[in-house]
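If you read the sequences in order, they're chains G and P. Under the numbering used here, the letters of the first sequence match residues 1 to 246, in that order. Under the numbering used here, the letters of the second sequence match residues 1 to 252, in that order.
Bear in mind the hints are in silico, worked out from the structure with no lab data behind them. Since no wrong hints were added, every one of them can be taken at face value.
The list that follows gives simulated cross-link-like pairs (lysine to any residue, SDA-like), each with its CA atoms no further than 25 angstroms apart:
hint : chain 1 : residue 1 : chain 2 : residue 2
1    : G       : K222      : G       : L68
2    : G       : K139      : P       : Q220
3    : G       : K139      : P       : M230
4    : G       : K139      : P       : V213
5    : P       : K175      : P       : A20
6    : G       : K139      : P       : A224
7    : G       : K139      : P       : V228
8    : G       : K139      : P       : P211
9    : G       : K108      : P       : H212
10   : G       : K108      : P       : A221
11   : P       : K242      : G       : Q97
12   : G       : K151      : P       : R215
13   : G       : K151      : P       : L196
14   : G       : K122      : P       : V213
15   : G       : K108      : P       : P210
With the Cβ distance kept under 10 angstroms, some of the chain G side facing chain P (calculated, not the full set):
hint : residue
16   : G49
17   : R50
18   : P72
19   : A76
20   : E89
21   : I90
22   : P91
23   : V93
24   : Q97
25   : F98
26   : A102
27   : S105
28   : V142
Remember, it's a predicted structure, so these values are computed and weren't measured experimentally. Glycine included, every Cβ here is placed at the ideal spot set by N, Cα and C.
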Amino acid sequence: MLKIENLHAEIDGKQILNGLTLEVGAGEVHAIMGPNGAGKSTLAYVLGGRPGYEVTQGSVTFNGQDMLELEPHERAAAGLFLGFQYPVEIPGVSNVQFLREALNSQRKARGEEPLTGGEFLKLAKEKAALLKLDMEMLKRNVNVGFSGGEKKCAEMVQMGILDPKLAVLDETDSGLDIDALRTVGEGINAIMRQPDKGVLLITHYQRLLDYVQPDKVHILAKGRIVKTGGPELALELEREGYEAVA
Amino acid sequence: MSDVATLPTTRDEDWRYADAAALRDLTAETLDGWHEITLTAGEAQVQTYVLDDSAPGVTRVRLALGEGARAEIYAIASASDYTRLEVEVTLAKGAHFEFGGVTIGGGEGTREFVTRVRHAEPEATSNQTIRAVHWNRATGNFLGRIEVVKDAQKTDAAQNFRAILLEKGASANTKPELEIFADDVKCAHGAAIGALDDSAGYYMAARGIPPHVARRLQVQAFVADAFVAMEDETLAENMLAKVLDRLEEAAI
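Could you build all of it, start to finish, from the sequences and the hints given here?
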């Protein structure tokens, strides 16, 4: 589904990714763990096509398509969802307006009919309930005045509504209390645990992996994958620290 | 009697950001052509001015508000050529003046609002919200004068100007001017000129919204402030739609 080969990327001329290779198959959940500054968020942004992140070498293919050729909004329409470590506030634009515009833009790009206002609200209600987010929150402006945890829950509601093929979740667990962590974990399972979907979980800590069991765990250090293992690798990391394991 | 002895130039303070070439084509008739509006005590009126390509040039409105009267003016200045709306208001006791204005456009044009709000008696209130959105080499201006006379205690006046420049080369100018001779008053003014928030633009792109749609959403959220005080929602939506139609012409 997602195939990253020998990826090199830089920001402002500074090399961050140094030959990263990784493959996520359909139906799989992969976790990427690593110390601060290893390049975890850079990997997420490079996959999401954020301006300023320049790929200097290597390739990324997504269901056989060259992803690096696509604009950020085209990647979303192709089925990529990027969960932000710091979700952005958009004053003056409600979640409902934002998400309906997003979903219908994606549908249009795929040659599908747009959802009507009623159809959209029904879908939004269903996904908000899944994440235990009050529907009133979705009438408010995008992330404005939301707590850190509410922003992360709202992101998962977005993911539920947009129904992507591949989710790259950048520290979705940060800022969540224990109950919210469980809700978000269960939300990820409900939305993304499908035979035709894949997840790349980027995290510092093992705790989210208690709820979302990864098929594979990778350790990212200095811009490349230095070790790959099963779920036990995350536990080992939690016990021994990055320096001992990687 | 003519108000105008000679044509204004950009050396005149009130015309300092105007289009100098366009000023040379002005006539005394235009400059004398004030729309006079008088509201008696307790009367209320809402006026809209859409200064698009059918109404470029200088439009001047003079309002006299009686005790407790309420006047609201909502305006769009979007013509390709030099466009200027001047509003002079005199407020009697307890009157309220509301102004919401949007200058929008590209090309080489200059669009501007010039307001003079005179709090002539106590307890009057005024609120002005101006938004500017420009691209190419266009300019948007707001010159806002608030005068509070010596006896006009408990005046509450506010003006707020914000501009978004969609690309290099566009510009915005603003000059708040507060003349306050009473001591128990509230006069607030604020101004900011900037660009669209790139991180919000990227966030929308990451959710599948193409750049031109994202820009429209951001601009809509930005200019909506100018019409937020409108009670007639249909009218407010119409004004907003006229602004956004203009944005569609921005080939950037």
